[in-house]
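Asker: Generate the whole structure from the sequences, applying the supplied hints.
Protein chains: 2
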Amino acid sequence: MNQKPEKQTKRSFQSPKGTRDFYPQEMLRRRYIVDAWRRVALRHGFEEIDGPTFEHLDLYTVKSGEGIISELFSFQRAGGEDVYALRPEFTPTLARMYAARARQLPQPTKWFCVSNFFRAERPQRGRLREFFQWNCDVIAGEDAEDGDVEVIHAAIAVMSDCGLDASVVSAHLNDRRVLTAWAAQNGIDPSRHDEFLRIVDVRAKNPAECDARLRAMSIDPGAFGALLASPTDSADISDSSSLRSVLAARRRLSGAGLDEWATIDLSLARGLAYYTGMVFEVIAQGERAVAGGGRYDNLIELFGGPPTPACGFGMGDVVLANLLEDRGLMPEGRELLEALSRPMPLRPDVFVVSTGKDGADEQVVPLVARLRRGEEAEGWRERGVRPWGAGRYSVPPLHARRSYKQTKNIGKLLGDAGACHARFCVIIENSERCTLKDLDRGEQSEGVALAEVGARVSAAR
Amino acid sequence: MNQKPEKQTKRSFQSPKGTRDFYPQEMLRRRYIVDAWRRVALRHGFEEIDGPTFEHLDLYTVKSGEGIISELFSFQRAGGEDVYALRPEFTPTLARMYAARARQLPQPTKWFCVSNFFRAERPQRGRLREFFQWNCDVIAGEDAEDGDVEVIHAAIAVMSDCGLDASVVSAHLNDRRVLTAWAAQNGIDPSRHDEFLRIVDVRAKNPAECDARLRAMSIDPGAFGALLASPTDSADISDSSSLRSVLAARRRLSGAGLDEWATIDLSLARGLAYYTGMVFEVIAQGERAVAGGGRYDNLIELFGGPPTPACGFGMGDVVLANLLEDRGLMPEGRELLEALSRPMPLRPDVFVVSTGKDGADEQVVPLVARLRRGEEAEGWRERGVRPWGAGRYSVPPLHARRSYKQTKNIGKLLGDAGACHARFCVIIENSERCTLKDLDRGEQSEGVALAEVGARVSAAR
Chain H
31 MNQKPEKQTK
41 RSFQSPKGTR
51 DFYPQEMLRR
61 RYIVDAWRRV
71 ALRHGFEEID
81 GPTFEHLDLY
91 TVKSGEGIIS
101 ELFSFQRAGG
111 EDVYALRPEF
121 TPTLARMYAA
131 RARQLPQPTK
141 WFCVSNFFRA
151 ERPQRGRLRE
161 FFQWNCDVIA
171 GEDAEDGDVE
181 VIHAAIAVMS
191 DCGLDASVVS
201 AHLNDRRVLT
211 AWAAQNGIDP
221 SRHDEFLRIV
231 DVRAKNPAEC
241 DARLRAMSID
251 PGAFGALLAS
261 PTDSADISDS
271 SSLRSVLAAR
281 RRLSGAGLDE
291 WATIDLSLAR
301 GLAYYTGMVF
311 EVIAQGERAV
321 AGGGRYDNLI
331 ELFGGPPTPA
341 CGFGMGDVVL
351 ANLLEDRGLM
361 PEGRELLEAL
371 SRPMPLRPDV
381 FVVSTGKDGA
391 DEQVVPLVAR
401 LRRGEEAEGW
411 RERGVRPWGA
421 GRYSVPPLHA
431 RRSYKQTKNI
441 GKLLGDAGAC
451 HARFCVIIEN
461 SERCTLKDLD
471 RGEQSEGVAL
481 AEVGARVSAA
491 R
Chain U
31 MNQKPEKQTK
41 RSFQSPKGTR
51 DFYPQEMLRR
61 RYIVDAWRRV
71 ALRHGFEEID
81 GPTFEHLDLY
91 TVKSGEGIIS
101 ELFSFQRAGG
111 EDVYALRPEF
121 TPTLARMYAA
131 RARQLPQPTK
141 WFCVSNFFRA
151 ERPQRGRLRE
161 FFQWNCDVIA
171 GEDAEDGDVE
181 VIHAAIAVMS
191 DCGLDASVVS
201 AHLNDRRVLT
211 AWAAQNGIDP
221 SRHDEFLRIV
231 DVRAKNPAEC
241 DARLRAMSID
251 PGAFGALLAS
261 PTDSADISDS
271 SSLRSVLAAR
281 RRLSGAGLDE
291 WATIDLSLAR
301 GLAYYTGMVF
311 EVIAQGERAV
321 AGGGRYDNLI
331 ELFGGPPTPA
341 CGFGMGDVVL
351 ANLLEDRGLM
361 PEGRELLEAL
371 SRPMPLRPDV
381 FVVSTGKDGA
391 DEQVVPLVAR
401 LRRGEEAEGW
411 RERGVRPWGA
421 GRYSVPPLHA
431 RRSYKQTKNI
441 GKLLGDAGAC
451 HARFCVIIEN
461 SERCTLKDLD
471 RGEQSEGVAL
481 AEVGARVSAA
491 R
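Protein sequence lines correspond, in order, to chains H and U. Numbering-wise (our numbering), the first sequence opens with residue 31 and increments by one. Numbering-wise (our numbering), the second sequence opens with residue 31 and increments by one.
In case anyone wonders, no lab produced these hints; they're calculated from the structure. Do not rely on the hints blindly, as some may be mistaken.
No copy labels: a pair is met if it fits in one copy or bridges any two.
Said to hold, decoys possible - Distance condition first, Cα-Cα at most 16 Å in a straight line; then the derived EDC-like pairs of lysine to aspartate or glutamate:
1) Lys438 <-> Asp219
2) Lys93 <-> Glu119
3) Lys47 <-> Asp112
4) Lys235 <-> Asp219
5) Lys442 <-> Glu290
Answerer: Quick look at the structure:
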């Protein structure tokens with residue numbers, strides 16, 4: 031007991047509350063998660079960016095108001111005038127960076143970032159003051175729902191890569207406009223829609239409180255419950271265009287082979303005010319959300335750029351690590367070292383374009399999704415193969431990109447394939463066959479079955 | 031001109047002064063440098079760690095005094111009592127982490143860290159407010175000079191890997207005790223030795239000022255200049271044990287095949303007060319130091335650990351990137367993507383031990399150094415092969431570790447090789463031959479020439 035004074039003087043020699051020391055073993059586990067993020071983002075055609083660890087404080091208050099300051103670590107340089115804040119999230123930096131170069135950037139721009147972020151809140155399970163987060167965003171481009179599907183697909187792909195399946199985690203989809211349309215139809219003034227969304231947001235945690243607050247807004251909780259229970263019955267919503275948009279995103283995910291991973295969940299509202307339409311969370315049983323995001327079509331304009339549709343999500347390392355460790359899905363020892371020694375797919379394996387003839391266009395998205403997913407060997411789990419084991423795939427996941435251009439000028443599309451240094455270009459000729467061009471060797475094979483592309487490309491890897 | 035007010039309101043949407051936005055191309059170049067650091071550290075047997083991005087402010091003032099506060103970004107959480115600072119360097123975090131677990135850690139402990147650091151100083155060429163830095167440290171262990179050579183070797187290996195050669199950069203070595211011994215011998219009171227070191231530290235930048243300040247200390251600048259000019263003439267220094275230690279480190283670097291890369295430079299003093307002996311810098315013509323470090327034998331005790339010898343260095347990304355870009359040594363396009371797709375050598379390729387018989391012990395360090403360096407193909411530069419090109423090596427650099435134990439119990443040493451998941455174990459039998467054990471297959475070859483180990487091991491990679 032009389033040692034207390036000495037302990038007091040040593041107190042500062044600990045890591046700050048809510049932060050972590052990464053000794054070699056903890057560091058390897060952190061890298062396993064970071065590598066999974068990076069590998070999936072790369073093979074889905076996202077390009078890595080990063081910004082400063084701290085930004086001008088204004089960057090956060092302009093979007094979220096002064097209220098956010100209590101959740102931030104903010105500071106000034108000794109003798110300096112500017113006020114800075116440690117970044118609590120990546121979206122404002124991304125919007126600032128996009129706005130600054132909007133005119134030179136591709137349509138769409140697909141960016142990802144793996145970095146550390148900071149929140150000055152109380153540490154608890156799944157929440158720390160310094161944490162790592164993966165962000166994926168699709169900005170601009172002609173087809174917004176296409177971007178929605180691309181980001182949701184990337185989030186699900188990490189779950190699948192890490193050995194989690196749809197019985198454990200799934201992507202819950204909604205569109206905020208479904209809820210606000212229903213609210214309007216039920217006599218709620220538009221000025222109270224944000225309040226309505228906040229009530230919906232807490233419903234899962236505290237249904238009784240939610241119901242009481244709905245009644246106070248003159249909403250029948252039973253009718254609201256019925257809406258949530260049967261979201262596809264669009265008769266409940268007079269302005270059903272927003273619901274159609276959720277259903278369309280859901281359908282496109284099915285087309286990309288992700289049917290079992292996605293569910294429509296009208297109870298989802300998301301806390302942040304900047305979402306303008308589709309929102310989603312990847313949710314695991316008994317845990318916080320692993321990832322969350324949505325569409326924020328007004329933000330880039332707010333940061334000085336042109337009006338630009340955009341969509342993205344963030345996934346944190348802490349909840350994901352808990353999920354993997356609880357289920358024995360984190361490799362150890364030699365297996366962990368080998369998993370971390372895998373090469374990163376920075377160079378695109380394949381670039382997919384369509385001739386636009388005979389149903390070719392409809393094959394682009396499903397083929398790209400299939401190439402990125404790889405083909406798993408029959409019964410790999412039953413044979414005791416681990417998610418990181420060499421025996422998992424008969425055709426490994428590939429880095430696949432595609433043209434987003436409407437042109438059918440194949441020469442121009444081949445130029446784009448070359449410009450991103452893709453190894454192969456797939457030119458889809460009709461609903462079943464393609465021409466496969468080896469861009470390194472200048473050779474091409476015609477009439478290749480779409481189902482064989484993955485094996486052909488991976489053999490040359 | 032009348033648009034100025036609007037510009038004013040947009041001013042905050044820029045990255046803070048002295049920080050960087052990494053768009054995809056800048057990010058790839060950053061990764062090229064970070065990957066080079068990580069690859070070299072791993073194959074030299076260092077294990078990666080990291081700490082929090084901010085620490086308690088005390089962690090920096092306890093070592094460097096209150097004066098350092100003006101060079102730091104410090105802050106409090108709104109409503110919180112603790113004062114934090116963005117980390118300006120890694121050594122205090124490392125000392126804190128080592129001190130907390132000193133008893134469980136291996137002897138020696140070899141750690142590296144690749145992270146971002148922050149200084150609140152004026153940005154200029156080669157210096158930013160947020161930068162990336164690679165740290166390598168060897169802590170504890172029975173042979174301090176061995177640790178010196180390990181860290182210097184790692185710093186040089188990155189230069190060599192990136193295609194720089196000894197005509198461009200070299201490691202300048204000194205031992206602070208050489209200078210303080212000479213000062214004592216010339217009548218300078220020990221209380222003024224730190225002042226003397228600070229004068230020496232600025233000599234290269236401003237020789238006239240240095241000479242004037244030496245005269246003010248009653249030192250003959252000519253005699254001091256003569257000492258610097260012929261450092262190996264130990265007759266100038268009555269207490270020559272420190273000089274012998276520099277000469278010994280220099281000799282060991284020669285033994286590891288790094289003769290041309292190392293030079294003794296008594297004018298080197300290093301700014302930080304915590305160095306206790308050997309100090310070094312990697313210096314390129316016309317640039318700031320690329321890397322700097324030294325021995326800090328008192329620091330871990332200061333942070334609550336046992337008395338522990340330690341040695342390490344930091345290398346920043348900004349000066350190294352300038353060096354590579356100025357010399358056309360930064361790959362672009364497809365070559366950059368391919369360079370970044372190389373696998374990381376996390377699993378040790380080989381673990382080297384000695385039987386202790388017939389001159390075997392003397393072969394351990396040179397063999398390990400040779401395996402880590404690889405064997406370059408004849409005339410690769412003349413043939414136009416780039417540093418990152420596949421044709422550079424006939425035997426690629428390998429991840430090689432060795433036993434630091436004094437025991438000759440081969441069974442125990444083999445256990446250590448297995449515990450770190452090495453693929454092969456080399457048991458050196460005499461000055462020329464070894465037994466090569468394939469630990470995955472349980473096979474062994476006897477009488478293998480030491481010169482053949484690299485090719486044999488890399489063939490199985």
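Asker: Against each hint, give a clear statement of whether it holds in the structure.
Answerer: Results of checking the hints against the structure:
Taking the closest pair of Cα atoms, Lys438 and Asp219 never come within 16 Å of each other, the shortest separation being 48 Å inside a single copy and 83 Å across copies. Taking the closest pair of Cα atoms, Lys93 and Glu119 come within 16 Å of each other only inside a single copy of the chain (12 Å); across copies the shortest separation is 33 Å, beyond that limit. Within a single copy, Lys47 and Asp112 get their C-alpha atoms only as close as 27 Å, which misses the 16 Å cut-off; across copies the closest is 10 Å, which meets it. Taking the closest pair of Cα atoms, Lys235 and Asp219 never come within 16 Å of each other, the shortest separation being 25 Å inside a single copy and 71 Å across copies.
Proximity of Lys442 to Glu290 under the C-alpha cut-off of 16 Å is found in neither arrangement, the shortest distances being 37 Å within a copy and 52 Å between copies.
Figure legend: structure checked against the earlier numbered hints; hints not met, in rising order: 1, 4 and 5.
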